[in-house]
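*Asks:* Hey, can you work out the whole structure from these sequences and the hints?
There are 2 protein chains.
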Amino acid sequence: MKIALAQINVTIGDFENNLLKIKSFVNKALDANADLIVFPELTVTGYPPRDFLEFEDFIEKSADTLEQLKPLSEKIGILVGLPVINPEIEGKDLFNAAVLLYNGKEIFRQYKTLLPTYDIFDEARYFEPARAWHTVAFKDQRLAVTVCEDLWNLGNENPLYTVNPMDKLMKENPTLIINLSASPFDYQHAKERIKVLKANVKAYGIPIVYVNYAGAQTDLIFDGGSLVMDNRGIIRTELPFFREYFEVFDTEQFNRAVKDSERPKPKIPLIRQALITGIRDYFGKIGLKKTILGLSGGLDSAVTAVLATEALGQENVLALLMPSLYSSERSVADAVALAKNLGIRHQIVSITNPFARILSELQPFFNGLPDDVTEENIQPRIRMIYLMAFANKFGYVLLNTSNKSELAVGYGTLYGDLTGGLSVLGDLYKTEVYELARYINRKKEIIPQNIIDKPPSAELRPGQKDTDTLPPYDILDPILKLYIEQRKSPAEIIDAGYNASLVRRVLKMVNRNEFKRYQTAPVLRVSPKAFGMGRRMPIVAKYLE
Amino acid sequence: MKIALAQINVTIGDFENNLLKIKSFVNKALDANADLIVFPELTVTGYPPRDFLEFEDFIEKSADTLEQLKPLSEKIGILVGLPVINPEIEGKDLFNAAVLLYNGKEIFRQYKTLLPTYDIFDEARYFEPARAWHTVAFKDQRLAVTVCEDLWNLGNENPLYTVNPMDKLMKENPTLIINLSASPFDYQHAKERIKVLKANVKAYGIPIVYVNYAGAQTDLIFDGGSLVMDNRGIIRTELPFFREYFEVFDTEQFNRAVKDSERPKPKIPLIRQALITGIRDYFGKIGLKKTILGLSGGLDSAVTAVLATEALGQENVLALLMPSLYSSERSVADAVALAKNLGIRHQIVSITNPFARILSELQPFFNGLPDDVTEENIQPRIRMIYLMAFANKFGYVLLNTSNKSELAVGYGTLYGDLTGGLSVLGDLYKTEVYELARYINRKKEIIPQNIIDKPPSAELRPGQKDTDTLPPYDILDPILKLYIEQRKSPAEIIDAGYNASLVRRVLKMVNRNEFKRYQTAPVLRVSPKAFGMGRRMPIVAKYLE
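Going down the list, the protein sequences come from chains Z and P. Mapped onto the numbering used here, the consecutive letters of the first sequence carry residue numbers 750 to 1294. Mapped onto the numbering used here, the consecutive letters of the second sequence carry residue numbers 750 to 1294.
Keep in mind that the hints are not guaranteed to be accurate.
To be verified - Partial chain P-side listing against chain Z, Cβ under 10 Å, derived:
(1) THR760
(2) GLU809
(3) TYR953
(4) THR986
(5) GLN1096
Derived from the structure by calculation, the hints contain no laboratory data. Note that this is a predicted model, so its numbers are computed, not measured. Note that CB positions come from ideal geometry on N, CA and C, so glycine has one too.
*Replies:* Written out as structure tokens, the structure is:
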């Protein structure tokens, strides 16, 4: 049997265009004489549709889309995902379904059993789990159809669920597992996925066809990597990462012996591709092309500018240099050099005069009080006004350049440098931003070396350095990672070799600054634990404070 | 049996002080010769603890708190809620438990079965549902111990769950239902709660003791209203709303016939009390006292100022008047009159000069282009700089004054008037803000009548009115409510009598402005569907656009 893997990229709720895209892939599959085409989870709506699932009209439009696909299935099996109504009065109103169309009609459906409800996932919010499990005979195979998480309760030490739908499906002796997925990227995910699929092959002894999305939905980036694994756990094909892709696999090939064709998965290059995908799809899917960002001469804005240029093209990136009295000449020169290296436009507009003007308006009220963080914060807020003015006047979208270390400890100005429609680096610790910068420069100097070499500074007062306020990033970042990613206790982090009072101070900063993170842009997720929907913390609380 | 209802207010994660508070209530109960004291759900952690539940240290601290309560239970039953570890490897790691202490030790526990996972609730994210159900004999009663949602699958037409834990518990013939609750306020909730409890009494024929929190946790406000309902559905006592409270109820009283003592539940007065509670606890629990807000002479900032003054005291509220060229003299006069009526301090600082300065800096780049929303947005952003400068310099917290109608359609400036640590009116449509203003003025004119009477305007360009951009609020608000609260389709809203193109325009505005709402402050929740954690929408999407 020839199976087409449709690694598509759709837009959430864009039923009309999603249908067109599905149709174009079905036509490719027909041209290739495929017997069956497999799409990702919730194909017709995009993933995650979130609370749009609570709108009856949204569910009706999903059903309409399925109706419109039926005529295309005369000569090919079409396996798509969509939300469908639960006919029972009791329980959640929906199932997360995989539906097989053939001969112009629906011939089979299987609902998702394991509903991920952790990190960025909210499926128990919407869906009732499957209560019945069946396979379907199609051509020369008997298919065990599963949806994403359904295969993920194997291969880890702390299973989240008390059932395995494959255990039920095996009673009907399937010959092939099909998995419709919507599995967001993190830098460990592609490896993790293969581990999990191998655990399934080992447990059930039959091959797997796994189809995932490519492309980004706001903060979530889907890496594709759709694959076919044979019953010995050998990867027969692994589709490219982060790209829409179409490939036909003939199950006859299982009879031939081949080498494993797994692709390499190096962390920093994957992250780079993921972030470019995230920027590209954010703009593409809202129908805008042009971005603006503040270029300070520092590392974070430099790396963001590089990624934005790769994603959107040099003609679509405007860098604004907004020096103050405290900006070094070298910073401006570094920023200009970067803009030239990238071939992007830049404009220079000083904040000195508005800063003086605002200080003088406030002087009657502040008279006599020493300068403090108040005066520091005014500067990035004036920069925000400039950036948003350009954005409003010319239709740019502002990109945020904050990194995860800063967001974690609140080292940034709310409504100042923490603004923007999308946070590009908000899931990279500062030390990872350095790694990414060095990788960007691996062949030639795109980011001026001085930007990488100089000590980080916000340049909001004379001679300021990040280390005036924060520990060095090679100490801060491991502490943050132990707390945020691994959820270790203060005692455990101290035991790992960090200074006790520093650890307590850092953890307190993380918890106290939840209010800032609550109001910042969606963060492109590249780690297993990003700020945003995947990490839900109370704002008013006293834990570890 | 004498049962103490402990309607307490705790702080999330503040184990030490929560323990002290629990102890003080236990001591009151001992003084009153109570046999049993009942606390709300997840007593020791506060509700909702959100992802702190994923930290082992947090769970250990919960267990420690329980240990420290045991010695107090020598002569009184203590029924508290806390998260406990699921000993099974499979399934979620925690249960949401009610634990009964007596004679210095744990004598009984029952886990929560129905885990709310909708709107603001995420319990399936953390907890495994109960798999066993038992009652406990205590003194002259047999108790069916339930946790909040466990009783909520009755009395509605579309039950969310396929089981009712009370059906299981009834097999052991309990004489009394106890319910530990954490049930957030909305203006329909107190009525809804009584309806649900009556449905339980009707189904199971035994009385109910229901104990809820009082006080706010960031955006969620708990209204208390703990109550005892007898087996005929008559309310024997209903505790006051929004206040910590302690009352002892003797089950002997069930033998006497009395009239129903349900308290009245008028919408606008309840909302007023809820918002005051929300402000008071936000500040109290972060340990700050003083607020600043911009007073424009418009309705929203006026109502916010009134509520802030009631919550924090007139000495703790600073009103900043920040007129521009486009502010009418009448607006300033109205704002000053309001500040005088409230007895709060006000300062006047014009934005005219910084506005001119910033425009002149931008002029070389904008030269020749007509004024548009760019110039409008700069003004509230300068106001934000002033407000945050005062906040930073003197330790004020900025209150946001936006209403739900504005947030819904994006009629507000991101990083301008949409800023603040807490949104007070963000869950009230403009027409409800009018109702609240009239209620505030019911006895005397606190809000100058002109503020209520004049047509709403952002005053960002000459002669501007809200109706230049938006339909009148008495048309806009019902459309928004049909879409946001009732999730109606465009066709259904048009069928309800609204202009088709207007409906499409409004719904598109709602969906397109998700990016603004994502970056605004937590909104005090007073309706069944508030912006924030209870309404999770994709930012990049194309539905109804």
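*Asks:* So which hints don't hold here, by number, going up?
*Replies:* 3, 4
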